[in-house]
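**Q** So you can see what is in the structure, the chains are spelled out below.
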Amino acid sequence: MSFFDVLSKYDVDKFKELVDSKTDKDIELALAKQGAHTIDDFAALISERARTHYLDVMVQMSMQLTRKRFGRCINMYLPLYLTNLCSNKCAYCGFSVANKFKRVVLTLEEIEEELQAMNKMGYTNILLVSGENSHKAGMPYFEQVLPLAKNYADYLQMEVQPLETDEYARLKELGLDAVSVYQETYHPEYYKKVHLAGKKADMRFRMETPDRLGQAGIDKVGMGALLGLYDWKVDLVATAMHVLYMRDKYWKTNLSISFPRLRPAQGGFEPHSPVSDAKLLQIICAWRIFDNELDLTISTRESAQFRDLILPVGITALSAGSSTEPGGYAHKGQNLEQWTVNDARPVDEVVKVMEESGFDAVFHNASTTYFKAV
Amino acid sequence: MAQITFNQEHKLTIKDGTTLSEFLKEQQLLKEGVAVAIDEDIIKKDTYDNVILKDGMNVDVYNMVSGG
Amino acid sequence: MSDKLVLAGREFDSRLIIGTGKYASAEVLQKSALASGAQIATMAVKRVDVKTHQDEIVAPLKELNITLMPNTSGAKNAREAIFAARLAREALGTDWIKVEIHPDVRYLLPDPIETLEACKVLVEDGFKVFPYIQADPVLARRLEEIGVIAVMPLGAPIGSAQGLQTKAMIDIILKQSHVPVIVDAGIGAPSDAALAFEMGADAVMVNTAIAASADAVLMSEAFKAACEAGRKAYKAGLAIKSTSAKATSPMEAFLKEAMK
Numbered sequence: 159m160s161f162f163d164v165l166s167k168y169d170v171d172k173f174k175e176l177v178d179s180k181t182d183k184d185i186e187l188a189l190a191k192q193g194a195h196t197i198d199d200f201a202a203l204i205s206e207r208a209r210t211h212y213l214d215v216m217v218q219m220s221m222q223l224t225r226k227r228f229g230r231c232i233n234m235y236l237p238l239y240l241t242n243l244c245s246n247k248c249a250y251c252g253f254s255v256a257n258k259f260k261r262v263v264l265t266l267e268e269i270e271e272e273l274q275a276m277n278k279m280g281y282t283n284i285l286l287v288s289g290e291n292s293h294k295a296g297m298p299y300f301e302q303v304l305p306l307a308k309n310y311a312d313y314l315q316m317e318v319q320p321l322e323t324d325e326y327a328r329l330k331e332l333g334l335d336a337v338s339v340y341q342e343t344y345h346p347e348y349y350k351k352v353h354l355a356g357k358k359a360d361m362r363f364r365m366e367t368p369d370r371l372g373q374a375g376i377d378k379v380g381m382g383a384l385l386g387l388y389d390w391k392v393d394l395v396a397t398a399m400h401v402l403y404m405r406d407k408y409w410k411t412n413l414s415i416s417f418p419r420l421r422p423a424q425g426g427f428e429p430h431s432p433v434s435d436a437k438l439l440q441i442i443c444a445w446r447i448f449d450n451e452l453d454l455t456i457s458t459r460e461s462a463q464f465r466d467l468i469l470p471v472g473i474t475a476l477s478a479g480s481s482t483e484p485g486g487y488a489h490k491g492q493n494l495e496q497w498t499v500n501d502a503r504p505v506d507e508v509v510k511v512m513e514e515s516g517f518d519a520v521f522h523n524a525s526t527t528y529f530k531a532v
Numbered sequence: 009m010a011q012i013t014f015n016q017e018h019k020l021t022i023k024d025g026t027t028l029s030e031f032l033k034e035q036q037l038l039k040e041g042v043a044v045a046i047d048e049d050i051i052k053k054d055t056y057d058n059v060i061l062k063d064g065m066n067v068d069v070y071n072m073v074s075g076g
Numbered sequence: 012m013s014d015k016l017v018l019a020g021r022e023f024d025s026r027l028i029i030g031t032g033k034y035a036s037a038e039v040l041q042k043s044a045l046a047s048g049a050q051i052a053t054m055a056v057k058r059v060d061v062k063t064h065q066d067e068i069v070a071p072l073k074e075l076n077i078t079l080m081p082n083t084s085g086a087k088n089a090r091e092a093i094f095a096a097r098l099a100r101e102a103l104g105t106d107w108i109k110v111e112i113h114p115d116v117r118y119l120l121p122d123p124i125e126t127l128e129a130c131k132v133l134v135e136d137g138f139k140v141f142p143y144i145q146a147d148p149v150l151a152r153r154l155e156e157i158g159v160i161a162v163m164p165l166g167a168p169i170g171s172a173q174g175l176q177t178k179a180m181i182d183i184i185l186k187q188s189h190v191p192v193i194v195d196a197g198i199g200a201p202s203d204a205a206l207a208f209e210m211g212a213d214a215v216m217v218n219t220a221i222a223a224s225a226d227a228v229l230m231s232e233a234f235k236a237a238c239e240a241g242r243k244a245y246k247a248g249l250a251i252k253s254t255s256a257k258a259t260s261p262m263e264a265f266l267k268e269a270m271k
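Residue numbers (the working numbering), protein chains in the order written: chain A, 159 to 532; chain B, 9 to 76; chain C, 12 to 271.
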């Protein structure tokens, strides 16, 4: 029984009603609880009523909970785009197989150049990203890339196509610490509508990836939906259920949540229900209150101004100075970006702002959320 | 006659062919809440009539007591 | 709505489990047990002492229809505990066993390693196992995975009457456990028992606090009331504590717009 089987029992569209039905009493109960928050609590925390009447309280609470659990440390990570080659046809993504542009798969030499450039920027927490193509960038490729990357990384993460349990176990032996796989949307019909071709069209396989990661013993699993792709109320509630499921079933696995908002990409896809800045702030607070120990990650998809605003509220990991094109650190501007970076400030500038606000930008290891097997 | 050790300390002499049931009855221990181990093997209650005590056996009788 | 305690498929109205040690006599024990409303009582298994007379406790408790839960107290390791469990099964005809292994004679703290080993064997041997443990959430998970019926984390050392010293850990166990949680040991006052229930405990076990009190029967009544009170409070949901805090600027400016 996987999470896909669990979720299949629900009509996920009803989650919208769940959120909309929450009253002040429900919100106050969720805020007063000392732990063991339920889906009903989460639904109350992301409701519109919570935004208009309780957001200030939620912000304060989220700040306090984050300071208590994580102190003032923010982990710095950087994405390394290995490829922009993808065999999926996703209606909203710049890398879609339908989009015509020069496809690149970095060679080991090119990867090494990138890693050296990233180390020079100060980074040792590396997130390997690729388009999803098992033929040209599958296990044989990864089995070569990981040992190379491990020479330059204290903490190694991947955001690539979903793999099998034994494949994750193998990559773990080669030094893999964390894997992110975003469900995009938990709504079956809409998922089918926007994932037109490629392995990604298999919703079950994708949704069961966190299960496989748990079974393979990967240290940390990153999850989340693409906010705005479908109704964010539906997708956030489903993600929260997924979190509860993972906490319960794979209690030895760390969890990380991201909240990417749909951004302009080549192909010009319009969001179904866009998420405003105010709403995103609320969502971050809701996550922190719902589960005190979650890693909450923000990327350069968001603007400088917004990132500076929300950093103290609940974020535990941040990227800065990022490039979303393969080879973009050593040789900028040669390849297509997956999405346009919004906060384009160099990492030193971002770190300066963080330090002025009293936060420690942690580049090497030392964090309660990134513990390594001894 | 056979000699057995009862509850680690007591050396007792009993008639040849004494069954466990008979022994317990003599000791006023044939009652509820009692268990027996012979040479550290726990004896099933429904076999007490068929177990013959032999020379050299260590017979330990346990009962339920107040505690914890 | 029924709020019965379910253990190994059996239902109980009372959530107070009593130990039988340190009572002045079997008569006091029986009167006290009746006053407490307890439906489960624990006892140990020992070699018969032919010299001194010991009060019979099995019959008086059975008269009250109390379910007997033998324990392995006295065992210093898994092997001894397993042996004691099998003896008790033979003696009472029950497959219930509380695994209690404390080689530490001063504080009577349970040995987690011997306990886990003993439980593995006993579960496989068909016992319904109730392990007594330190309030260790990881150990509780491991025991749950091997098939114990409930977990019994301690509040404080046996007989110390220090109350829920391990409260924070018990809280975590209560959040994570899929099997009933019976808070056992260290409960010194009825208020400790009430607190355990307010936190969400499924049952509590009390021995010394009742048996060693000046009036065991009266103390039993007190504990009965406290357990019921705590459980009702938990079911009713504790009062909401209001939170009012203001954010600092530039967040203030943002929030002004954001909450429109």
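Honestly, the hints are just simulated from the structure, not real lab data. Just to be clear, a hint being listed does not mean it is correct.
When the alpha-carbon atoms are kept at most 30 Å apart in a straight line, the in silico DSS-like pairs for lysine-lysine are as follows [what the hints assert, rightly or not]:
id: 1; chain 1: A; residue 1: Lys-167; chain 2: A; residue 2: Lys-407
id: 2; chain 1: A; residue 1: Lys-167; chain 2: C; residue 2: Lys-73
id: 3; chain 1: A; residue 1: Lys-510; chain 2: A; residue 2: Lys-308
id: 4; chain 1: B; residue 1: Lys-52; chain 2: C; residue 2: Lys-62
id: 5; chain 1: A; residue 1: Lys-172; chain 2: C; residue 2: Lys-73
id: 6; chain 1: A; residue 1: Lys-167; chain 2: A; residue 2: Lys-294
id: 7; chain 1: A; residue 1: Lys-226; chain 2: C; residue 2: Lys-87
id: 8; chain 1: B; residue 1: Lys-52; chain 2: C; residue 2: Lys-87
id: 9; chain 1: C; residue 1: Lys-271; chain 2: A; residue 2: Lys-378
id: 10; chain 1: A; residue 1: Lys-510; chain 2: C; residue 2: Lys-186
id: 11; chain 1: A; residue 1: Lys-410; chain 2: C; residue 2: Lys-57
id: 12; chain 1: C; residue 1: Lys-246; chain 2: A; residue 2: Lys-174
id: 13; chain 1: C; residue 1: Lys-271; chain 2: B; residue 2: Lys-39
id: 14; chain 1: B; residue 1: Lys-33; chain 2: C; residue 2: Lys-267
id: 15; chain 1: C; residue 1: Lys-139; chain 2: A; residue 2: Lys-183
id: 16; chain 1: A; residue 1: Lys-410; chain 2: C; residue 2: Lys-139
id: 17; chain 1: A; residue 1: Lys-226; chain 2: C; residue 2: Lys-178
id: 18; chain 1: A; residue 1: Lys-294; chain 2: A; residue 2: Lys-247
id: 19; chain 1: B; residue 1: Lys-52; chain 2: C; residue 2: Lys-267
id: 20; chain 1: C; residue 1: Lys-73; chain 2: B; residue 2: Lys-53
id: 21; chain 1: A; residue 1: Lys-191; chain 2: C; residue 2: Lys-73
id: 22; chain 1: C; residue 1: Lys-57; chain 2: B; residue 2: Lys-19
To spell it out: a stretch of chain A is covered by chain C in this simulated footprint if at least three of its residues, at any positions, have a beta carbon under 8 Å from a beta carbon of chain C; those stretches are [stated by the list, open to error]:
id: 23; stretch: 209 to 219
id: 24; stretch: 263 to 276
We put the CB at the ideal spot given by N, CA and C, even for glycine.
**Q** For which of the previously enumerated hints does the structure constitute a violation, in increasing order of number?
**A** Of the numbered hints given earlier, those the structure breaks are 2, 5, 6, 7, 9, 10, 11, 13, 14, 15, 19, 21 and 24, listed in rising order.
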